[in-house]
Amino acid sequence: MGEYSVSVEKLRRDFGEFVAVDDVTLSVRPGEIFGFLGPNGAGKSTTIRMLCGLLAPTGGSGTVGGHDIIKEPEEIKKTIGYMSQKFSLYDDLTVAENIDFFSGMYGVTGKKKRERTGWVLEMAGLAARRTTVTGTLPGGFKQRLALGCAILHEPRIIFLDEPTSGVDPVSRRNFWDLIYGMSGAGTTVFVTTHYMDEAEYCNRLALIYRGRIIARGTPGELKGEQMKKAVIEIRADDTVKAMETLDERGIETAVFGNLLHATVDDAGESIPEIEKALRQGGVDLTGIRKIVPSLEDVFVTLIEEA
Amino acid sequence: MRLVRVKAIVAKEFIHIRRDPLSLAMAFLMPVMLLFIFGYAITLDVRDLRTVVHDLDGSYMSRELVRGFSESGYFTVVETTRVESEIERSLESGRAMVAISVPEGFSRDIKRGVTPTLQVVVDGSDSNTASIALGYVSGVTERFSQRLSPVGGRGAGERKSTVDLRTRVWYNPELKSSNFIIPGLIAVIMAVIAALLTSLTIAREWERGTMEQLISTPVKKAELITGKLIPYFVIGLVDVVVSVVIGVWFFAVPLEGSAVLLLALSSVFLFGGLSLGLLISIVAKTQIVASQIAMVSTFLPAFLLSGFMYAVENMPVPIRIGTYLVPARYFVTILKGIFLKGSTLGVLALETALLTAFGAVVFALAIRSFKKKVF
Numbered sequence: 001m002g003e004y005s006v007s008v009e010k011l012r013r014d015f016g017e018f019v020a021v022d023d024v025t026l027s028v029r030p031g032e033i034f035g036f037l038g039p040n041g042a043g044k045s046t047t048i049r050m051l052c053g054l055l056a057p058t059g060g061s062g063t064v065g066g067h068d069i070i071k072e073p074e075e076i077k078k079t080i081g082y083m084s085q086k087f088s089l090y091d092d093l094t095v096a097e098n099i100d101f102f103s104g105m106y107g108v109t110g111k112k113k114r115e116r117t118g119w120v121l122e123m124a125g126l127a128a129r130r131t132t133v134t135g136t137l138p139g140g141f142k143q144r145l146a147l148g149c150a151i152l153h154e155p156r157i158i159f160l161d162e163p164t165s166g167v168d169p170v171s172r173r174n175f176w177d178l179i180y181g182m183s184g185a186g187t188t189v190f191v192t193t194h195y196m197d198e199a200e201y202c203n204r205l206a207l208i209y210r211g212r213i214i215a216r217g218t219p220g221e222l223k224g225e226q227m228k229k230a231v232i233e234i235r236a237d238d239t240v241k242a243m244e245t246l247d248e249r250g251i252e253t254a255v256f257g258n259l260l261h262a263t264v265d266d267a268g269e270s271i272p273e274i275e276k277a278l279r280q281g282g283v284d285l286t287g288i289r290k291i292v293p294s295l296e297d298v299f300v301t302l303i304e305e306a
Numbered sequence: 001m002r003l004v005r006v007k008a009i010v011a012k013e014f015i016h017i018r019r020d021p022l023s024l025a026m027a028f029l030m031p032v033m034l035l036f037i038f039g040y041a042i043t044l045d046v047r048d049l050r051t052v053v054h055d056l057d058g059s060y061m062s063r064e065l066v067r068g069f070s071e072s073g074y075f076t077v078v079e080t081t082r083v084e085s086e087i088e089r090s091l092e093s094g095r096a097m098v099a100i101s102v103p104e105g106f107s108r109d110i111k112r113g114v115t116p117t118l119q120v121v122v123d124g125s126d127s128n129t130a131s132i133a134l135g136y137v138s139g140v141t142e143r144f145s146q147r148l149s150p151v152g153g154r155g156a157g158e159r160k161s162t163v164d165l166r167t168r169v170w171y172n173p174e175l176k177s178s179n180f181i182i183p184g185l186i187a188v189i190m191a192v193i194a195a196l197l198t199s200l201t202i203a204r205e206w207e208r209g210t211m212e213q214l215i216s217t218p219v220k221k222a223e224l225i226t227g228k229l230i231p232y233f234v235i236g237l238v239d240v241v242v243s244v245v246i247g248v249w250f251f252a253v254p255l256e257g258s259a260v261l262l263l264a265l266s267s268v269f270l271f272g273g274l275s276l277g278l279l280i281s282i283v284a285k286t287q288i289v290a291s292q293i294a295m296v297s298t299f300l301p302a303f304l305l306s307g308f309m310y311a312v313e314n315m316p317v318p319i320r321i322g323t324y325l326v327p328a329r330y331f332v333t334i335l336k337g338i339f340l341k342g343s344t345l346g347v348l349a350l351e352t353a354l355l356t357a358f359g360a361v362v363f364a365l366a367i368r369s370f371k372k373k374v375f
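For the record, the sequence lines run as chains V and R. For the first sequence, the positions run 1 to 306 when this note's numbering is used. For the second sequence, the positions run 1 to 375 when this note's numbering is used.
So that you can see chain R by itself, here it is in the shape it has in the complex (with noise of 0.2 Å):
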């Protein structure tokens, strides 16, 4: 390995990206995109869920009720109605989402001490914002009834259960989507545009016919590879800067754990990645087939796969096994880890282990598709 060689080709390879305004849109401008287009797209929160109220009752105590699930922010009340056939009508053509339909007797129920019924209806469609949907209706309607019953009334202590269940929970406290997306969704980007970046590079030679003059030269494999990878390396770390910067000031993502050790390990990852996009690259020797391939080997897996957006545990025993060749995977791990619980290097051993491998595997394959000759 000679050190004036790899220089001559990482000088060249930066010349290339800052005369080419496309590269430098690729490098620089796609992954902050993505990070705002996907950091707005995906959000698990649900709020302002759209209600139709069916009031019967019409007393101060069911409007209170109604009352409580509108304070509460994650419904809003947009049609009052005391037609029953209405419900179905709001719900089928999706003005609501939700149906709180308070009974004829509600109030007097209460002021019997008969526990009253109350009908809620959710749109199930969506299944994941009707679960959601769902535990919020409970947790109104909890809080109504305590209100009810004062804490500490003898008739309330004999009602309610003897355990008093109190949950918490941890890394997430406000259990804010965007606080385990965000790192996710970073590493899940990054991810792409490593192989991207890289995938161009190798095909671009070939297809301008300036390869065939580079490998009549004496320079050796490793160092061609070398060198065009530590530009998009330089690259790439920039881009995790940039977009840990925005993650912690625009998406308020609170970075619990140490700066440096996402740094380092984002390198280890960024190895791998742009190792892969060589290899492509020099499989494909086109640059169109090559970023087709970089975006769907990438992308895919590391969105659906990476536990990024499903749970690795849920998934079938075989799709599970396959997660284990996903780069990504570990890096979602490792950025959420750093991000959430401020994870240490001796935590995420394991991940940074098989981070290492994947990466000296690859830029190993890289080195050994690469032939210099012409066929």
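Isolated chain V, as found in the complex (with noise of 0.2 Å):
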């Protein structure tokens, strides 16, 4: 197994004719938060899925968890915990009942199985609810009670495909909270997401575009080294209008809140230039400067390159 927990060279899944991962090559340390992102379909699902042994992958080889990927894909599923990307516990079975039947289906019994479940229960903030029918909890204990039930065997690799999405803000800051304690405790976590916020909690990023792995690293050192270029946030009293001036005069930018980014070669060269253009094009400039890229900028200008 070596020293990484998971470790896949080429791995490529056709569908027909339609390839949706390509070449896919990366390694996971034991104890690290592995983000994973990329806009949707770009390929995240089907990795992680190939990666639990849920699908079988067209090339290439790897493993996870020291078994094989393709030889071996039970023994996986021994050693990993995995949070499909749809809600899929039993909506119609109560919080207790979901626990108990995930209990069995990883094997926890006895003594092992009341500590687990108290841990479920207490993590999802759902001790008082146990007898509560799932399908109507709200999505934030819905997605805790998903992950404590994936969980209950303490797996040391956990597998998350989009664990936050359509969770309020304040849901996914604890469940955040959660995975950093598992990963503290020496769990790995591969945790895939198209927020790009999340991408910042992560150890190390890779990012996927039409099935392929387009940059990795740390966060830091996707901002830095990787991104070539510089960001200029533009702060207009017409966004709107700033934006379609800029347009015309070959400038790209993005909208962010009220803000616009640009992003440019050489900041140096492109500030007075865009003055320029706005006081031309009579939007009123109320603010200008060069910024540290955030992890969306980076990617925005990474997939319109690739």
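Just to be clear, a hint being listed does not mean it is correct.
To be verified - A short list of chain R residues far from chain V (calculated; beta carbon distances all over 12 Å):
1) Thr115
2) Thr117
3) Ile215
Claimed, not checked - Quick list of the computed label-pair ranges, beta carbon to beta carbon:
4) R:Ala364 - V:Lys10: 34 to 42 Å
5) V:Thr136 - R:Ala222: 31 to 39 Å
6) V:Gly110 - R:Arg320: 51 to 59 Å
7) V:Thr136 - R:Ile42: 42 to 50 Å
8) V:Lys228 - R:Asp20: 19 to 27 Å
9) V:Phe18 - R:Asp20: 48 to 56 Å
10) V:Val170 - R:Lys220: 33 to 41 Å
11) R:Lys220 - V:Ile70: 17 to 25 Å
12) R:Lys220 - V:Gly110: 15 to 23 Å
13) V:Ile70 - R:Arg320: 42 to 50 Å
14) V:Asp168 - R:Phe14: 32 to 40 Å
15) V:Val170 - R:Gln292: 28 to 36 Å
What the hints contain is simulated information worked out from the structure, not anything from laboratory work. Note that beta-carbon positions come from the ideal geometry of N, C-alpha and C, so glycine has one too.
Dock chain to chain to rebuild the complex, using the hints, since each chain is given by itself in its own frame.
Given below as structure tokens:
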């Protein structure tokens, strides 16, 4: 198994003519939070399913928890916890019944089962709602219960596929606290997301786009070395008009709240250029500065270049 | 095979059924409803045949003859006419199915010792009913002739054939059709219900998205299939018991054989039927497709090819060979045997063996075709 929890090389999956995942090579160290990022349909779920032994790769090789992803998918399933993208507990079962069921599936019994059940209820904040039918729980509770059910057997590696989609910001924050806790205790966490702010929480990231990994590294590395362009933040009284004006002059911008971000090769050259363009276009500029790019800027740039 | 996992699946499935009114209805109400609907609808007993009487003789003798018909209970005189063309009109309009035409001189011929003629017309468009009606007609006229020539009378002795044929029907002496319809019907209904019950269970998990989580756990395929089968097996047995009780108490079908053997062999049949439903559910992946396949693949063969409605011996050879693949065929034989003949396991050994083989093969196929993969 070596030093990696997850290690795959040249992973590929075709669906007929369509290549969903192409030439994906990556490795994750024990205890690491590995973020797998990309827009919808980029191949995140396909990759995670191959790693969990739920989908046979068309090509490539690798190991998860020391087990071969092609020859030993059932061994992998004993080692990992997986939380699929869609909420996938039983809506018509109560909280306790869902926990009971998955305890059974993972072969967790007796004293251990009582202990883990207590832990999950506590973690999910559902101790008082054991007998509530799961389908009626709010999204944040459902998601934490789903996480709890996936890790009843205390797996060494956890795969989370878009765990926070459709969950309110406070619950998302709580969820990431849980993930930090588990990572701190030595559990490897492999998580997919399309929320860029969540990417900042990860130790290392890979960006997948159209089935291929187009960038990888720590959040810092991605913002520094990999980002060869500069980002300029523009504050104008009429954001839309400013955007249109710059667009006419071939300067592309993206809206961030009521601000505009322009990604340029050289900030020193571009700032006077933008100021001039807006002045000519009759837009009142209230502020302009070079900023440290966010991960979102990095990814937008990388995807445009890809 | 780990018991803790099988138990967890069984418990979960029971909860699903308990909390879903539709599943409950399908499990417990549907077989009872089918039994009543078909039990009443399919009756081969012919009674109260609407009869038109065309009596040109109008004598005491002719009236006695007609009375013989109506008193038999098989014929109800709905019309009496002296006009011949009325017969045709009555039969054509469907007001009557049988016409009895007594010619002029009927009683005169009898008194003279000449065999009189009697014309009976039967609507043959329902050939089954017509042939049964004809049987009753000859029975009634036979009895009428016997009354005319007292037993032991010299004249009678001369005219009668020397062979005294006495037919006896065994196993169903009254030839009451419900006696052989109900046991067969229970077999047909259970064939359909068994496959239908399990046909939804795997497909539902795929549709609801719960299957992906389930197959990411270390659960073994055999554990999952077994765990899914057991709750429906219990329900299926309850259905059999309820059906048998209704058959015996409500339709007054005698249960000649052992109830224990009946339950034991029903278990063997249920194992195969439920496994077939699971196999369908695995292959179909959607509930609607699975339930349709389960319906068509069990109901039609069970109804037409099991020997329930039509005797297998009368089928063309290729179809007869095909009936060996219909498990309901063996179950029909088993239930009819135990109900009507009090058959023992020794007599039903071949059927039992074939049902066991069917169950084992389909169960193994279900496990084999289930994949712990999303595609």
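Taking the hints in turn, this is what the structure says about them:
1. The beta carbon of Thr115 of chain R is kept farther than 12 Å from every beta carbon of chain V, the shortest such distance being approximately 78 Å.
2. With a minimum CB-CB distance of about 75 Å to chain V, Thr117 of chain R clears the 12 Å threshold, and the non-interface call stands.
3. With a least CB separation of 6 Å from chain V, Ile215 of chain R falls inside the 12 Å interface cut-off, contrary to its annotation.
4. A beta carbon spacing of about 37 Å between Ala364 of chain R and Lys10 of chain V agrees with the range 34 to 42 Å that was offered as a hint.
5. Judged by the Cβ atoms, the range 31 to 39 Å given for Thr136 of chain V and Ala222 of chain R holds: they are separated by roughly 34 Å.
6. Separation of Gly110 of chain V from Arg320 of chain R is about 57 Å and conforms to the stated range, judged on CB atoms against 51 to 59 Å.
7. At about 46 Å, the beta-carbon gap between Thr136 of chain V and Ile42 of chain R stays in the expected band of 42 to 50 Å.
8. Range check, Lys228 of chain V to Asp20 of chain R: about 58 Å between beta-carbon atoms, so the 19 to 27 Å window is missed.
9. Remark: the range hint 48 to 56 Å for Phe18 of chain V to Asp20 of chain R is contradicted by a beta-carbon distance near 37 Å.
10. At about 40 Å, the beta-carbon gap between Val170 of chain V and Lys220 of chain R stays in the expected band of 33 to 41 Å.
11. Checked against the hint of 17 to 25 Å, the C-beta distance between Lys220 of chain R and Ile70 of chain V comes to roughly 19 Å, which is consistent with it.
12. The given range of 15 to 23 Å is respected by Lys220 of chain R and Gly110 of chain V, whose C-beta atoms sit roughly 21 Å from each other.
13. For the pair Ile70 of chain V and Arg320 of chain R, the beta carbons lie near 48 Å from each other, so the given range of 42 to 50 Å is met.
14. Take Asp168 of chain V and Phe14 of chain R: their Cβ atoms lie about 35 Å apart, and the range 32 to 40 Å holds.
15. Separation of Val170 of chain V from Gln292 of chain R is about 46 Å and departs from the stated range, judged on CB atoms against 28 to 36 Å.
When each numbered hint is compared with the structure, violations occur for hints 3, 8, 9 and 15.
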